[in-house]
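> Given these sequences and hints, build the entire structure.
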Amino acid sequence: MAARCHPVHDIGAAIASGSVPVSGMIVAPCSMRSLAAIAHGFDDNLLTRAASVQLKERRRLILLAREAPLTLAHLRNMTAVTEMGAVVMPPVPAFYLGHGTLEEAASQVAARAVDMMNLSAACAQAWSP
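In this text, residue positions in the sequence shown follow the working numbering: the first is 222, and each later residue adds one.
Because the hints were derived from the structure by calculation, they are not lab data. Just so you know, these numbers come straight off a predicted model, no measurement behind them. One or more of the hints may lead you astray.
Here are the computed distance ranges between Cβ atoms for each label pair [to be verified]:
| hint | residue 1 | residue 2 | range |
| --- | --- | --- | --- |
| 1 | Ser252 | Ala223 | 16 to 22 Å |
| 2 | Phe263 | His320 | 33 to 39 Å |
| 3 | Cys226 | Leu318 | 19 to 25 Å |
| 4 | Gly262 | Leu323 | 31 to 37 Å |
Just so it is clear, CB atoms sit at the ideal spot from N, CA and C, and this is done for glycine as well.
Listed below in structure tokens is the structure:
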């Protein structure tokens, strides 16, 4: 469903420039290696460079960090990117919504990430008591 695809080593791709108007970026899944590179400004590939651009332009950057359990290094990197303005959102299912299938739970996580971009009306299932 992507409109464009770029090789990860194409640092010259348009999305590596702050002059390209985008609403933000979701990294899903976000490995701890990518999270660390973003946290420390290692713009060594297109993913980390484009994420850094989102931070410097004060745009939304949502990182669906995947790892468990977490080490102190992971937590410190999560703190660092959060302090820079990113949102760390581990892809944890909302068990309280009672999804019947793994696909429903995964779709809810994806919908929540997209909703955090504030592009349109919310599409994730809301909790109601």
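> Evaluate each hint against the coordinates.
So, going through the hints one by one against the coordinates:
1. Taking 16 to 22 Å as the suggested C-beta distance range, the pair Ser252 and Ala223 conforms, at roughly 19 Å.
2. Taking 33 to 39 Å as the suggested C-beta distance range, the pair Phe263 and His320 conforms, at roughly 36 Å.
3. As the Cβ distance of Cys226 to Leu318 is approximately 32 Å, the hint placing it in 19 to 25 Å is violated.
4. With their beta carbons about 36 Å apart, Gly262 and Leu323 fall inside the hinted range of 31 to 37 Å.
Of the numbered hints stated above, the single one contradicted by the structure is hint 3.
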